[in-house]
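Undergrad: Got chain A sorted already, so can you dock chain B onto it with the hints?
Protein chains in written order, with the working numbering: chain A, 1 to 73; chain B, 1 to 73.
Just so you know, the hints here were simulated from the structure itself, not pulled from any lab data.
Cβ coordinates follow ideal geometry from the N, Cα and C atoms, glycine included.
Hints may contain errors.
To be verified - Beta-carbon label-pair distances, calculated as ranges: (1) GLU36(A) <-> HIS34(B): 16 to 24 Å; (2) GLN49(B) <-> HIS34(A): 17 to 25 Å; (3) LYS17(A) <-> LEU13(B): 35 to 43 Å; (4) GLU36(A) <-> ARG21(B): 17 to 25 Å.
What the hints assert, rightly or not - Coverage of chain B stretches by chain A, computed from C-beta distances (three or more under 8 Å per stretch; other residues unrestricted): (5) 8 to 20; (6) 54 to 64.
Spelled out from the first residue to the last, the chains are:
2 protein chains.
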Amino acid sequence: MSLGVELHCRCILTESKHIGRHIAKVELIPANSHCEETEIIATLKNTGQEVCLDPEAPWVKKVIQKILSSKRR
Amino acid sequence: MSLGVELHCRCILTESKHIGRHIAKVELIPANSHCEETEIIATLKNTGQEVCLDPEAPWVKKVIQKILSSKRR
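Extracted from the complex, chain A is given alone in its bound form (with noise of 0.2 Å):
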């Protein structure tokens, strides 16, 4: 029973291109014991699609970055 929390990792390919503004909402997960590579998935506005990001890509650090320091709309 997983509690929330996957027990395998669940990105094989990452998406390269630069899909920042498409994004709803992004899940962080860490390398943990079923998994040993942090995870970045993200959720698209239009479609719900989910899709893999690359945690090193310089972009993806943007991204985040973005989100975090935009507290309000």
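TA: Then chain B, alone, in the frame of chain A:
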């Protein structure tokens, strides 16, 4: 029909205790048309419980930086 994105704010109170090491994953939800506040929701390791974190709190920013910088376990 919500495509994986809430139609209202999900956070009322935020957790003030430094719970960084109990966090299994973190969700970052930028302010949007349904909720004017940026919201950060952590899922706890053992219980799978969801807890809201204050995007302005320094310890929260440190937790997120640590997740992003720790590529591998």
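Undergrad: Broken hints, numbered, in rising order?
TA: 1 and 5
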